[in-house]
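Visitor: Each chain, letter by letter, is given below.
Protein chains: 2
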Amino acid sequence: MTQKIIYSNQVDTTLMTIIGVGNYNTVIVLVDENTRRLVLPRLHCLSEAHVIEMPSGDKNKTLDTLTAVWQQLERCGATRKSLLVNLGGGVVTDLGGMAAATFKRGIDFVNVPTTLLAAVDASVGGKTGINFMGLKNEIGVFACARSVILSTCFFDTLPIVELKSGYAEMLKHGMLSNHSDFMELVESDIIPIELESMLELLHKSVKVKEEIVEQDPKEHGQRKALNFGHTVGHAFESKALADGSPVPHGYAVAWGLVVEAVLSHMLKGFPSADLYVLAGFVKSNYGAFHITCDDYDELIGLMRHDKKSRSGEVNCTLLASFGDVRVDNSIGDDDINAALDIYRDLMGI
Amino acid sequence: MTQKIIYSNQVDTTLMTIIGVGNYNTVIVLVDENTRRLVLPRLHCLSEAHVIEMPSGDKNKTLDTLTAVWQQLERCGATRKSLLVNLGGGVVTDLGGMAAATFKRGIDFVNVPTTLLAAVDASVGGKTGINFMGLKNEIGVFACARSVILSTCFFDTLPIVELKSGYAEMLKHGMLSNHSDFMELVESDIIPIELESMLELLHKSVKVKEEIVEQDPKEHGQRKALNFGHTVGHAFESKALADGSPVPHGYAVAWGLVVEAVLSHMLKGFPSADLYVLAGFVKSNYGAFHITCDDYDELIGLMRHDKKSRSGEVNCTLLASFGDVRVDNSIGDDDINAALDIYRDLMGI
Chain R
293 MTQKIIYSNQ
303 VDTTLMTIIG
313 VGNYNTVIVL
323 VDENTRRLVL
333 PRLHCLSEAH
343 VIEMPSGDKN
353 KTLDTLTAVW
363 QQLERCGATR
373 KSLLVNLGGG
383 VVTDLGGMAA
393 ATFKRGIDFV
403 NVPTTLLAAV
413 DASVGGKTGI
423 NFMGLKNEIG
433 VFACARSVIL
443 STCFFDTLPI
453 VELKSGYAEM
463 LKHGMLSNHS
473 DFMELVESDI
483 IPIELESMLE
493 LLHKSVKVKE
503 EIVEQDPKEH
513 GQRKALNFGH
523 TVGHAFESKA
533 LADGSPVPHG
543 YAVAWGLVVE
553 AVLSHMLKGF
563 PSADLYVLAG
573 FVKSNYGAFH
583 ITCDDYDELI
593 GLMRHDKKSR
603 SGEVNCTLLA
613 SFGDVRVDNS
623 IGDDDINAAL
633 DIYRDLMGI
Chain L
293 MTQKIIYSNQ
303 VDTTLMTIIG
313 VGNYNTVIVL
323 VDENTRRLVL
333 PRLHCLSEAH
343 VIEMPSGDKN
353 KTLDTLTAVW
363 QQLERCGATR
373 KSLLVNLGGG
383 VVTDLGGMAA
393 ATFKRGIDFV
403 NVPTTLLAAV
413 DASVGGKTGI
423 NFMGLKNEIG
433 VFACARSVIL
443 STCFFDTLPI
453 VELKSGYAEM
463 LKHGMLSNHS
473 DFMELVESDI
483 IPIELESMLE
493 LLHKSVKVKE
503 EIVEQDPKEH
513 GQRKALNFGH
523 TVGHAFESKA
533 LADGSPVPHG
543 YAVAWGLVVE
553 AVLSHMLKGF
563 PSADLYVLAG
573 FVKSNYGAFH
583 ITCDDYDELI
593 GLMRHDKKSR
603 SGEVNCTLLA
613 SFGDVRVDNS
623 IGDDDINAAL
633 DIYRDLMGI
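Protein chains in written order, with this note's numbering: chain R, 293 to 641; chain L, 293 to 641.
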């Protein structure tokens with residue numbers, strides 16, 4: 293389960309080489325309406341490719357969209373010797389990866405993530421999938437892209453909210469790595485973006501994920517490190533969605549990191565000084581997710597329903613310190629209530 | 293890509309052991325209306341399992357059926373620690389394997405093929421899939437069952453046509469193996485079936501397939517040996533379907549074996565004596581697929597559309613002798629016309 297990851301802002305040249313070496317009889321590119329308009333015209337090596345366009349956004353990461361992509365693969369005559377290039381954010385790379393992995397039992401695909409979040413997260417590790425019956429990534433497979441081209445040169449097409457959203461996952465990787473990686477991130481500016489230094493931060497961040505995934509490709513144990521911040525983050529995200537005011541995934545993760553760092557402090561001795569630095573950075577860049585104590589029960593219910601939970605208990609990954617990861621902690625309701633209280637104090641809400 | 297294959301007519305005990313060792317939190321069994329009625333009641337270890345029933349037959353190996361199976365997996369609370377038991381013929385094991393391999397990015401599944409064809413063919417080698425846009429197994433993944441339990445004890449529930457259909461694939465394996473394996477098959481009686489000696493023949497036959505698949509799990513080269521008989525066989529099957537009088541897959545393969553053995557004789561020196569033995573056995577057990585020279589162009593067109601063909605040429609696996617396999621032969625129209633003439637002579641039509 294290893295994918296070749298190429299770090300380069302010379303995407304056109306890199307992609308041209310991959311296409312040349314693979315000797316494909318057809319090249320197809322999957323885009324959404326945004327990447328079709330803003331990114332595709334910059335890639336001259338795809339000027340002759342068949343284009344499949346899917347609608348953007350997580351709400352379109354569905355079986356219907358997947359079916360439409362399969363149908364268009366048929367119509368443009370794709371064979372086992374064809375290449376699918378997924379050009380877009382995580383929705384495009386996840387759904388396109390699934391389409392390629394299942395079409396004729398698997399054709400080659402290359403991921404070219406165009407958002408920071410997809411670059412740092414969704415395009416690495418071989419996870420593909422779609423949402424199903426209201427559940428995120430419920431149907432999918434583990435499948436490796438032929439190559440993943442990571443670049444920062446398309447990030448100028450992104451809204452600031454998108455950039456920050458991806459940066460939250462980098463923050464998580466920094467915490468899973470060590471103190472100096474974390475400090476480098478909180479001392480860097482997200483905006484204005486500097487493409488080459490961002491590519492270096494991205495490289496360092498993805499390496500952290502790669503090392504964890506390599507040890508545990510099928511998510512049986514240590515890979516759960518990557519869930520840090522996500523049990524609580526997903527609960528925030530789901531609640532916001534249910535309340536009709538959705539929040540970006542990365543923002544929910546940033547707030548989730550704070551709550552799970554609090555739990556880490558309470559239960560595993562994570563240093564309070566580091567917790568304060570984290571909370572300060574999150575508050576100034578992401579604001580706060582506003583909750584009151586009346587919301588706690590609903591949030592705990594949502595945490596219990598997380599895909600990683602078993603038999604109805606809340607399961608979190610915690611840190612004893614930066615880089616010292618403890619997976620599979622079962623957390624009691626009292627501790628969650630206390631952690632949410634402290635989160636509100638830290639965020640001043 | 294190795295699956296544990298267990299040969300046993302003590303299916304209930306074997307399955308109970310697998311379920312016990314796996315420590316699953318839910319066991320779900322996928323059946324069709326036939327195996328629900330005739331086979332499921334014989335397996336006491338599944339008396340408490342959730343039952344998902346799909347309609348039988350290749351025409352139901354569709355995305356709609358797959359979607360219904362996914363929905364029912366959700367409804368019965370399946371998690372990553374659940375087990376799906378696929379109890380049926382190739383349609384059930386192919387679609388159930390695909391459902392399990394994609395549900396939450398993969399849960400454990402066990403295949404218990406109840407037909408000879410599924411036992412000898414579809415349940416081994418990690419191929420799963422569904423038909424799509426009129427194309428067989430167009431959408432699917434390679435995924436390994438936790439175990440495959442091969443038995444003959446349910447074959448008493450099968451129509452004779454089904455048994456013979458599976459036997460044709462065994463005949464193919466015998467030809468890919470050696471002269472004595474082939475002769476043992478043509479000298480055995482298909483009917484009446486003797487369960488224990490059939491289990492031995494089955495074991496020997498599956499070993500042939502296993503060895504080929506192990507060398508080439510993703511079908512890049514040598515695995516094409518298993519396509520012997522199938523380029524022509526699929527063309528016969530498609531034509532029969534188009535003409536409104538479908539034939540069983542195995543019968544089409546049996547006739548395809550004869551035509552491709554003729555081509556092997558013409559182009560690779562396959563011994564004529566062996567060709568006559570094959571043709572005699574096929575004729576007496578399967579009759580003949582009736583064609584006239586007016587059908588040749590249509591058949592060649594169908595052969596060109598075979599999934600294994602590239603750039604519109606007819607591609608066949610051929611034999612220089614039993615066990616001496618030559619993959620990737622491009623066959624000209626004149627040779628196919630001549631081979632179909634000889635086929636008609638051999639079958640007396």
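Hints in this document: simulated from the structure, not taken from any laboratory. Treat the numbers as computed from the prediction; the structure is a model and nothing was measured. A portion of the hints provided could be inaccurate.
It does not matter which identical chain is meant; a pair holds if it fits inside one copy or across any two.
Stated by the list, open to error - Below 30 Å or equal to it, Euclidean Cα-Cα: the simulated DSSO-like pairs (lysine-lysine) are:
#, residue 1, residue 2
1, 296, 531
2, 531, 373
3, 428, 456
4, 456, 296
5, 373, 456
6, 575, 373
7, 560, 351
8, 560, 373
9, 560, 296
10, 373, 496
11, 456, 499
12, 575, 560
13, 499, 575
14, 499, 428
15, 296, 499
16, 531, 496
Visitor: Could you run down the list of hints and mark each one as holding or not?
Guide: So, going through the hints one by one against the coordinates:
| no. | hint | verdict |
| --- | --- | --- |
| 1 | 296 / 531 | neither (37 Å within a copy, 44 Å between copies) |
| 2 | 531 / 373 | between (44 Å within a copy, 27 Å between copies) |
| 3 | 428 / 456 | within (21 Å within a copy, 45 Å between copies) |
| 4 | 456 / 296 | within (26 Å within a copy, 47 Å between copies) |
| 5 | 373 / 456 | neither (38 Å within a copy, 35 Å between copies) |
| 6 | 575 / 373 | neither (49 Å within a copy, 38 Å between copies) |
| 7 | 560 / 351 | neither (37 Å within a copy, 56 Å between copies) |
| 8 | 560 / 373 | between (51 Å within a copy, 28 Å between copies) |
| 9 | 560 / 296 | neither (36 Å within a copy, 42 Å between copies) |
| 10 | 373 / 496 | neither (34 Å within a copy, 34 Å between copies) |
| 11 | 456 / 499 | within (20 Å within a copy, 55 Å between copies) |
| 12 | 575 / 560 | within (23 Å within a copy, 75 Å between copies) |
| 13 | 499 / 575 | within (27 Å within a copy, 63 Å between copies) |
| 14 | 499 / 428 | within (25 Å within a copy, 41 Å between copies) |
| 15 | 296 / 499 | within (12 Å within a copy, 35 Å between copies) |
| 16 | 531 / 496 | neither (32 Å within a copy, 58 Å between copies) |
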